Amino acid sequence: MDYTKQEFMAIITGREIKDGELIILGVGLPMLAGYFARSNHAPNLRPFTEGGVYGSSPVGGLPWGIECNRISANATSFTNAIDALGFLVLSGRADNAVIGAAQVDKYGNINTTGIWDEPPWKVGKYLPPRVRLNGSGGASDISVGCKSYLIMASHEKRRFMEKVDYISSVGFLTGGDSREKCGFVGGGPAAIISTLGILRPDPQTKEFYLEAYFPFTTIEEVKACTDWDLKISQDVKAVHEPTIEELKKLRAVDVTGSLRKED
Amino acid sequence: MDYTKQEFMAIITGREIKDGELIILGVGLPMLAGYFARSNHAPNLRPFTEGGVYGSSPVGGLPWGIECNRISANATSFTNAIDALGFLVLSGRADNAVIGAAQVDKYGNINTTGIWDEPPWKVGKYLPPRVRLNGSGGASDISVGCKSYLIMASHEKRRFMEKVDYISSVGFLTGGDSREKCGFVGGGPAAIISTLGILRPDPQTKEFYLEAYFPFTTIEEVKACTDWDLKISQDVKAVHEPTIEELKKLRAVDVTGSLRKED
Amino acid sequence: MQNKLLSIEEAVADYTWDGMTYCNGAALPVGSCSIAFGKEMVKQGRKNLNVICHCGSQQINLLAAVGAVDRVEVGFSGLEVYGFAAGLNRAVTSGKTRMEDYSNGAMALRFFGGAMNWPFVPATVSIHNDQQWCSADYPDEYPCNRKIPEITDPFTGKKYGAFRTIRPDVAAIHVTMADIYGNAIMLGTEWNRFEMSRASKKVVLVADQIVHTDCMRQYPNLVRIISEVVDAVVYWPYAAWPQASPGLYDSDEEHMFYMNKMMKTEADTEAYCDQWVKNWNSHEEYMALIGDEKIEKISKTATAFLMDPYRKWIRSDDEIRELQNMTKG
Amino acid sequence: MQNKLLSIEEAVADYTWDGMTYCNGAALPVGSCSIAFGKEMVKQGRKNLNVICHCGSQQINLLAAVGAVDRVEVGFSGLEVYGFAAGLNRAVTSGKTRMEDYSNGAMALRFFGGAMNWPFVPATVSIHNDQQWCSADYPDEYPCNRKIPEITDPFTGKKYGAFRTIRPDVAAIHVTMADIYGNAIMLGTEWNRFEMSRASKKVVLVADQIVHTDCMRQYPNLVRIISEVVDAVVYWPYAAWPQASPGLYDSDEEHMFYMNKMMKTEADTEAYCDQWVKNWNSHEEYMALIGDEKIEKISKTATAFLMDPYRKWIRSDDEIRELQNMTKG
Chain A
1 MDYTKQEFMA IITGREIKDG ELIILGVGLP MLAGYFARSN HAPNLRPFTE GGVYGSSPVG
61 GLPWGIECNR ISANATSFTN AIDALGFLVL SGRADNAVIG AAQVDKYGNI NTTGIWDEPP
121 WKVGKYLPPR VRLNGSGGAS DISVGCKSYL IMASHEKRRF MEKVDYISSV GFLTGGDSRE
181 KCGFVGGGPA AIISTLGILR PDPQTKEFYL EAYFPFTTIE EVKACTDWDL KISQDVKAVH
241 EPTIEELKKL RAVDVTGSLR KED
Chain B
1 MDYTKQEFMA IITGREIKDG ELIILGVGLP MLAGYFARSN HAPNLRPFTE GGVYGSSPVG
61 GLPWGIECNR ISANATSFTN AIDALGFLVL SGRADNAVIG AAQVDKYGNI NTTGIWDEPP
121 WKVGKYLPPR VRLNGSGGAS DISVGCKSYL IMASHEKRRF MEKVDYISSV GFLTGGDSRE
181 KCGFVGGGPA AIISTLGILR PDPQTKEFYL EAYFPFTTIE EVKACTDWDL KISQDVKAVH
241 EPTIEELKKL RAVDVTGSLR KED
Chain C
1 MQNKLLSIEE AVADYTWDGM TYCNGAALPV GSCSIAFGKE MVKQGRKNLN VICHCGSQQI
61 NLLAAVGAVD RVEVGFSGLE VYGFAAGLNR AVTSGKTRME DYSNGAMALR FFGGAMNWPF
121 VPATVSIHND QQWCSADYPD EYPCNRKIPE ITDPFTGKKY GAFRTIRPDV AAIHVTMADI
181 YGNAIMLGTE WNRFEMSRAS KKVVLVADQI VHTDCMRQYP NLVRIISEVV DAVVYWPYAA
241 WPQASPGLYD SDEEHMFYMN KMMKTEADTE AYCDQWVKNW NSHEEYMALI GDEKIEKISK
301 TATAFLMDPY RKWIRSDDEI RELQNMTKG
Chain D
1 MQNKLLSIEE AVADYTWDGM TYCNGAALPV GSCSIAFGKE MVKQGRKNLN VICHCGSQQI
61 NLLAAVGAVD RVEVGFSGLE VYGFAAGLNR AVTSGKTRME DYSNGAMALR FFGGAMNWPF
121 VPATVSIHND QQWCSADYPD EYPCNRKIPE ITDPFTGKKY GAFRTIRPDV AAIHVTMADI
181 YGNAIMLGTE WNRFEMSRAS KKVVLVADQI VHTDCMRQYP NLVRIISEVV DAVVYWPYAA
241 WPQASPGLYD SDEEHMFYMN KMMKTEADTE AYCDQWVKNW NSHEEYMALI GDEKIEKISK
301 TATAFLMDPY RKWIRSDDEI RELQNMTKG
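Residue numbers (the numbering used here), protein chains in the order written: chain A, 1 to 263; chain B, 1 to 263; chain C, 1 to 329; chain D, 1 to 329.
The hints are simulated quantities; they were obtained by calculation from the structure and are not laboratory data. Note that the structure is predicted; figures quoted are calculated from it, not measured. From the three backbone atoms N, C-alpha and C, an ideal C-beta is built for every residue, glycine too. Be a bit skeptical, because a hint or two may be false.
Unchecked claim - Some, not all, of what chain B presents toward chain D, calculated at C-beta under 8 angstroms:
no.	residue
1	N44
2	N74
3	G86
As the list claims (entries may be wrong) - Listed next, the stretches of chain C that the computed footprint assigns to chain A, with coverage defined by at least 3 CB atoms under 8 angstroms from CB atoms of chain A:
no.	region
4	225 to 236
5	244 to 254
Required output: the full structure, derived from the provided sequences and hints.
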């Protein structure tokens, strides 16, 4: 079938989203996954953005940003960041979210802030990064507040790391009950959907293991693209290809085909 | 001249209000004093209410309440209590305010909460009051936040007390630097305008003394109506009667004459 | 989106219970308030309520007057120029109702903190005075240090207070207009209705008018209460009567004084309820009680022009009846 | 009320200075932002700025690219789908600009706390992660415990963090419409512009349209920024270009990418400034630079209907010129 890895990821992520959820979506793949889910199997999904755009659907293609006119043309409410990130996310009210990651570690901690030759935790100093990324944005709020959330990341060894350079958004920290001890209201990441497969946290250790892989890859490739010693589920299986119906619905959201180009 | 004590009070209070001030006004006499000042000598006065009504003037008579339609018919903005009482008052931004008092003590502390046979501070217990009043409302916020404010009260011995039953809104607490030690952003009460005269706080002791009395009373009467041993300014003088012009402007605000009745 | 229209009987039956923490979503004492909802609570005999009101209103005055309120937290309990709240004050001075006082600004911030799900809110007011020292919950402690305990600013070492935040079980919030999904527009000051709608576990809107969702899409910046946090919508024109609803009607001055006077004694309160609270079984009967003349008078408000932009989206009674039937069964 | 119209040159001359704490009042990276104001700051050579932005935008990207920013606090520094902010990131990685990171929610709350004049804001986010442990202000301390120190909830004994609040010297806030007194309506999400307008010591509005105050009186609930807190009003249509202004224009996709690409190197930044920042001396020249074709294209926005209710109150350029002359001398 003719689809890109990103489209595949968006569909798999979308399948994780349940009907009726109050869900906060960032631009790009997260929005695509969310609106795909709404048109596919979750008609009562309640998506919103961190700027407080409610009740809207993208118009004319995927938005360039949270505040883009493409998502502002048919909203039922515009409020503000205090409302969306504070009252709905940090409060623990939102059910779900989809966030991206430049680096993610075995406990689901995310780095979207910068890349260092010598990360702060290693040298005990906070020096300028070699590469500056975007900072945490609202993802950090989502990571502590949402009941649950999904992480999307490109599956490469330099991104799926034993330990990230900088924790922008907390996952399960050092595993076990280390997150619980922090007392966050949110439950932590439910899954990592990568370009190669689906990873879930072990209920006890909170280490992410491979639950399923995509049809165009192998377990060996996934392991080779992961910096930590990735554990494989005993029931590991290949994920079903997207159906024609799913692809059609996905592309009805991404009308300009911005995610149909291979990266 | 033909006027009531309440009208006199409103005019005297109005004279204390300076042009350009950002001022929060409660219903009744405070609003009358404020809007009188605006039409008389303070055309750039910026009045607002604790519900966040901005840029308006009363229509059809003095409002029945802060939120009354009489004050909502020509506003330039409606916001909320967080904005008006928080961002503008508690923050220390507002210049002035006018508040009422059921009881006021020699340091300008105000009681608007209740009357006890045995007040809490005397018996070390908080029991139901004999008479329940209104609570502090926004006056407590004004008392700690506004740069300065004016107190209006009926001058009777049971109201001008050595020590109030309950401090709803702080004045200078126990005098001297006792207020300063609390670190409030606002400066405290600038004057008490009573039905008989004008009282000011001593710069050092913060005890209120009589600065001026109204033409229809005497120093002796004022002292007799005060529960504490009221000090009299060396320069004490009688206040000038309101002018016809002032009365005219006052009554243009109080078009229904609600404050033309003697209490 | 889900059609959330309920009748006032259904809404009170489904969303209120004895002993609950209830919040009456009002503006200020004389302003917008879900008074009709409170009357229905009286009809259905709710009791032992813990009421959290940013400000008084005739609703809490009535609920306390009939003895339904065990405890109340409030910034201001009166009715402004209409006087002290006679029913509420009777309940407080008799010891029936425990009243915990804060400033109005404190109440606003406590709702904000509840909406944030914060453990506490920094207090720069209601400290160093009797709102801090006196607690109805701990009457034997004076000065009380549990109601608004001390905290230290970690940056400067200065001392402040800490407020408990508020997360009511249910808020019944009066709004000018709502759509059937629970998106709502308030005209006039919000007071704390925005924060309250986020702080409460459940939200029932009591709307003077039901409008098409197209109205919300034309004015999304006006939609400060969103369907995402609303559980039920009750259509009830003149829901705030005898108080005011900016854009729609003024307060009923005569009835405001009369009602408050009747709350002074138990007997008069009962007589008032018999005539004005329990004496109707439909909105038509409620309107008939108020009377055409009074309706006409209060509707001639100087704020009427505020409604002009939205009139074309107002749904008719027939439409609403049909939509309401859809939510049944 | 005071007519506060100023030209953009006057506003930047009067309300900005080297070393100030500056706040660019924006929505999100691609949304409404007072970009024209930032360009004028570049023209007038402002430097050593301490910039507090809830979110990145092309304004802070440009200011950092020309080396005008010593320090920045931010929740998100990128340009969303338009990519990383090349100029800002160059300034950060080179060590020219110190960058202090928080979450977007944290920045919103820090503005709220600033507006309240609170000593600190309770922190339930940006703790137990590197936003807490890493501080650009104290680079030698890891984990740093001065940036977001620990506080204890006095009610439960649980540990939380505390954020410093924000009180910028000046905020230049983009709004859709303002009147000449400084009352303003924003279409689209406010992001933190409401709180920022109260937290800042001085506020300059940069408005795409000037409307009659009658518009505010018809829609007072939309007026979230009030004359009471505003010091100056600048009329500058397409002030957010190449970003978007809901109701008026879309982002200029081509120029967004181009501008960001040019910020990558010092030389290209200079070339960009010569052509696009310093190459105009009036609004007419600014519009000519953007070009009719581009203006037409971005103005065909799917959000245009959001402006419909307000069009009749828009003041003409001639009227505004006259009103502007009244504030001189």
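Okay, the hints, checked on the actual structure:
At about 7 angstroms, the closest approach between the beta carbon of N44/B and any beta carbon in chain D falls short of 8 angstroms, and the interface hint on this residue holds. Proximity of N74/B to chain D holds as hinted, the smallest CB-CB distance being about 6 angstroms (cut-off 8 angstroms). The beta carbon of G86/B comes within 5 angstroms of a beta carbon in chain D, closer than 8 angstroms, and the hint placing it at the interface holds. Coverage of the region 225 to 236 of chain C by chain A holds. Counting CB-CB distances below 8 angstroms, 4 residues qualify, and the rule asks for three or more.
Look at the region 244 to 254 of chain C against chain A: 0 of its residues bring a Cβ nearer than 8 angstroms to a Cβ of that chain, fewer than three, so the hint is violated.
Comparing the model with each numbered hint stated earlier shows that hint 5 is the single one that does not hold.
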